[in-house]
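J.: Taken in order, these protein sequences are the chains called A and B. Residues 161 to 483 (this note's numbering) make up the first sequence, in order. Residues 76 to 344 (this note's numbering) make up the second sequence, in order.
None of these hints come from the bench; they were simulated from the model. Please read these numbers as outputs of a predicted model, since none were measured by experiment. Keep in mind that a hint or two might mislead.
Claimed, not checked - Each computed SDA-like pair below joins lysine to any residue, with the alpha-carbon atoms no more than 20 Å apart:
id, chain 1, residue 1, chain 2, residue 2
1, A, Lys-195, B, Val-171
2, B, Lys-169, A, Tyr-193
3, B, Lys-80, A, His-284
4, B, Lys-169, B, Leu-237
5, B, Lys-336, A, Tyr-193
6, B, Lys-167, A, Tyr-193
7, B, Lys-336, A, Lys-388
8, B, Lys-80, A, Ile-286
9, B, Lys-336, B, Ser-273
10, A, Lys-285, A, Glu-368
11, B, Lys-169, B, Ser-273
12, B, Lys-336, B, Trp-260
13, B, Lys-169, A, Glu-368
14, B, Lys-253, A, Val-199
15, B, Lys-253, B, Ser-273
16, A, Lys-285, A, Phe-275
17, B, Lys-167, A, Lys-388
18, A, Lys-192, B, Ser-273
19, B, Lys-167, A, Asn-190
20, A, Lys-388, B, Leu-115
21, A, Lys-256, A, Lys-388
22, B, Lys-231, B, Ser-273
23, B, Lys-253, B, Phe-156
Said to hold, decoys possible - Partial pick of chain B residues on the chain A-facing surface, computed with a CB cut under 8 Å:
id, residue
24, Pro-97
25, Pro-109
26, Phe-113
27, Ala-316
Unchecked claim - Here are the in silico distance ranges between beta carbons for each label pair:
id, chain 1, residue 1, chain 2, residue 2, range
28, B, Lys-169, A, Ile-380, 45 to 53 Å
29, B, Leu-236, A, Thr-247, 58 to 66 Å
30, A, Pro-332, B, Phe-78, 29 to 37 Å
31, A, Asn-223, B, Ile-118, 26 to 34 Å
32, B, Arg-241, A, Lys-388, 52 to 60 Å
From the three backbone atoms N, C-alpha and C, an ideal C-beta is built for every residue, glycine too.
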Amino acid sequence: MEQFSDSNHNHDKKPDRKEKKSLTSKFRGNLKYQKYLFVYTCLLLPIIFYLGIRILPTLFTFNVGFRDWNLLSTDIQPFVGFENYVTLFKDEVFIKSIFNTLIYIVLGVSGQLLFGIVVALLLHKINRFVGFFRVIYFIPYVTSIVAISWVFQWILMGNGIINDVLINLGLPPQPFLNSPDQAIYVIIGAMIWQSIGFQMILFLAGLENIPEMLYEAANIDGASSWQKFWHVTLPLLNPTIVFSAVIGTITFIQVSFTQVVNMSMDGSGGPLDSTISVVVYIYQLAFRQFDMGLASAATVILFLFILALTIFQMKVLTKKFDY
Amino acid sequence: MKFRKLLPYLLLILGSVIMLFPFVWMVSTSLKAPMDIFNLSIIPENPTLGNYLQILEESMFVRWFINSFIVAVITTISVLFFDTLVGYIIAKFKFVGRTVIFVLILSTLMVPTEMLIIPWFMMSSDLGWTDTYWAVLFPGLMTGFGVFLMRQFMEKIPDDLLNAARIDGMNEYVIFFKIAVPQVWPAISALGIFTFLSNWNAFLWPLIAIESPSLRTLPVGLSFFSSGEAESQWHLIMTGATISVIPIILVFILLQRHIIKGITLTGMK
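The whole structure should be built from the sequences, with the hints applied where relevant.
T.: Here you go:
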């Protein structure tokens with residue numbers, strides 16, 4: 161309404177330049193003020209959130225890691241320097257948990273990449289039921305890890321169905337999760353099983369982005385299908401592989417907790433700590449022994465570990481290909 | 076020649092059996108009477124719903140289901156609202172502190188959740204939040220990933236479109252909801268689906284934040300149920316697993332096009 165009367169007013173008077181200018185600058189100034197008001201009111205809560213719930217707690221963890229901080233014992237938390245870190249590296253179980261985490265990541269991530277690529281290539285080859293197979297392979301990814309872990313325990317039990325099949329085939333029954341030698345590989349198998357679908361989707365998208373032209377050119381050159389895969393498909397999937405490896409690693413570190421707690425026989429990385437991962441170790445320290453100092457130091461090490469691994473993957477896996 | 080064409084199908088079918096068998100066996104066991112569970116037929120000879128009735132009467136699965144739903148829905152709404160808004164502001168406005176704020180938010184992506192659970196735990200026990208929905212919710216209300224994702228998509232909206240709306244006298248809030256949000260709707264729905272899924276299935280933080288059984292989320296409840304009150308009663312454990320898995324599979328099959336598109340969209344950008 162106000163605007164309307166304003167413009168009417170202008171028309172009548174045929175205003176000179178000065179007046180027109182002041183009007184538009186007033187309009188602009190008002191707009192600018194409105195914009196700033198909008199920006200800062202909307203950012204207020206997010207800034208409080210990211211500072212209070214992400215940034216400061218991160219710094220706080222570094223601080224706790226340098227202190228003798230047990231929730232059960234004292235009210236004072238003396239600064240002890242690197243003592244927690246020294247204690248950790250002297251602890252065999254911690255070393256074991258780091259080593260296991262590496263096994264989880266190396267075998268688990270390469271396994272899920274491998275199967276993801278294979279399934280995607282197979283799906284790329286066929287032209288019927290693609291949607292149907294895609295749904296089936298993806299189902300495990302959306303389901304709860306806790307539920308699935310218990311299902312695997314049930315299937316792989318001493319007198320479970322897999323051992324029954326093995327016996328019927330005349331093979332010796334296996335201890336699976338009860339064996340310190342086999343348990344970790346069984347858990348990795350379950351992790352791979354659950355994440356094939358996710359990798360498959362990423363690789364399918366990657367495959368669809370490869371121009372058909374390149375394959376035609378390779379055909380003219382008389383390339384075999386293996387050569388085409390090795391020299392065209394794989395190099396062009398490289399960005400997807402890097403992305404998948406990084407995402408896979410980060411999720412694996414988290415998943416390793418849920419899966420190990422729900423699949424290992426004692427619920428805390430057994431038998432004989434053979435399946436313990438760093439996150440399970442941290443959980444035990446912080447929420448069973450309430451030793452927040454040691455646990456925080458361990459999370460700092462985990463943080464550096466992930467950081468180093470991500471940088472390593474980016475460097476090693478990223479190669480430039482020119483076409 | 077014919078075999079070469081059929082081979083991919085055969086391999087895919089074999090793989091499908093491996094993907095589906097655990098679910099089939101889970102449902103099958105849940106429908107068997109306790110004394111029949113070691114009878115290894117896939118189709119139960121005397122199917123019964125007794126396990127389901129027992130679980131619904133004697134344990135808190137319904138309660139846990141509702142808890143998970145409440146937590147996942149509130150978190151998803153909050154993430155969608157704030158991440159989209161912040162992504163939009165960082166992409167489309169120039170203001171003092173923009174780079175600092177964006178870098179600050181991105182830097183939180185580098186920090187694994189595991190590093191934050193200890194301060195979060197101390198924080199919620201000092202502030203008396205332990206054992207409330209809020210304790211489970213608060214760490215996930217906004218995500219760095221979502222902000223990053225939404226910024227990518229918001230950047231593609233032409234400035235002229237927004238300026239035209241401003242000249243028409245729309246206020247900034249209306250422009251955000253009526254002009255910007257519809258432009259990036261596919262990204263928002265993808266972010267929504269993934270936020271919901273990851274909160275629905277979350278385990279580590281809900282395990283720490285909640286003490287009383289009645290406030291547990293479904294994964295935490297199932298984990299305690301399976302290792303505690305139902306220990307070694309596999310017919311009950313499989314029934315609990317079925318209750319927590321089947322609804323999400325049904326929802327997935329309904330929404331599968333969106334979900335698969337969502338991964339491609341958010342993963343490949």
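J.: Compare the structure with each hint and give your call.
T.: Comparing the hints with the structure gives:
no.: 1; hint: A:Lys-195 <-> B:Val-171; verdict: 12 Å, holds
no.: 2; hint: B:Lys-169 <-> A:Tyr-193; verdict: 13 Å, holds
no.: 3; hint: B:Lys-80 <-> A:His-284; verdict: 12 Å, holds
no.: 4; hint: B:Lys-169 <-> B:Leu-237; verdict: 14 Å, holds
no.: 5; hint: B:Lys-336 <-> A:Tyr-193; verdict: 40 Å, violated
no.: 6; hint: B:Lys-167 <-> A:Tyr-193; verdict: 16 Å, holds
no.: 7; hint: B:Lys-336 <-> A:Lys-388; verdict: 27 Å, violated
no.: 8; hint: B:Lys-80 <-> A:Ile-286; verdict: 8 Å, holds
no.: 9; hint: B:Lys-336 <-> B:Ser-273; verdict: 17 Å, holds
no.: 10; hint: A:Lys-285 <-> A:Glu-368; verdict: 12 Å, holds
no.: 11; hint: B:Lys-169 <-> B:Ser-273; verdict: 33 Å, violated
no.: 12; hint: B:Lys-336 <-> B:Trp-260; verdict: 13 Å, holds
no.: 13; hint: B:Lys-169 <-> A:Glu-368; verdict: 37 Å, violated
no.: 14; hint: B:Lys-253 <-> A:Val-199; verdict: 17 Å, holds
no.: 15; hint: B:Lys-253 <-> B:Ser-273; verdict: 28 Å, violated
no.: 16; hint: A:Lys-285 <-> A:Phe-275; verdict: 15 Å, holds
no.: 17; hint: B:Lys-167 <-> A:Lys-388; verdict: 44 Å, violated
no.: 18; hint: A:Lys-192 <-> B:Ser-273; verdict: 39 Å, violated
no.: 19; hint: B:Lys-167 <-> A:Asn-190; verdict: 18 Å, holds
no.: 20; hint: A:Lys-388 <-> B:Leu-115; verdict: 46 Å, violated
no.: 21; hint: A:Lys-256 <-> A:Lys-388; verdict: 42 Å, violated
no.: 22; hint: B:Lys-231 <-> B:Ser-273; verdict: 27 Å, violated
no.: 23; hint: B:Lys-253 <-> B:Phe-156; verdict: 14 Å, holds
no.: 24; hint: Pro-97; verdict: 5 Å, holds
no.: 25; hint: Pro-109; verdict: 14 Å, violated
no.: 26; hint: Phe-113; verdict: 6 Å, holds
no.: 27; hint: Ala-316; verdict: 4 Å, holds
no.: 28; hint: B:Lys-169 <-> A:Ile-380: 45 to 53 Å; verdict: 51 Å, holds
no.: 29; hint: B:Leu-236 <-> A:Thr-247: 58 to 66 Å; verdict: 59 Å, holds
no.: 30; hint: A:Pro-332 <-> B:Phe-78: 29 to 37 Å; verdict: 35 Å, holds
no.: 31; hint: A:Asn-223 <-> B:Ile-118: 26 to 34 Å; verdict: 59 Å, violated
no.: 32; hint: B:Arg-241 <-> A:Lys-388: 52 to 60 Å; verdict: 53 Å, holds
Checked against the numbered hints above, the structure violates hints 5, 7, 11, 13, 15, 17, 18, 20, 21, 22, 25, 31; every other hint is satisfied.
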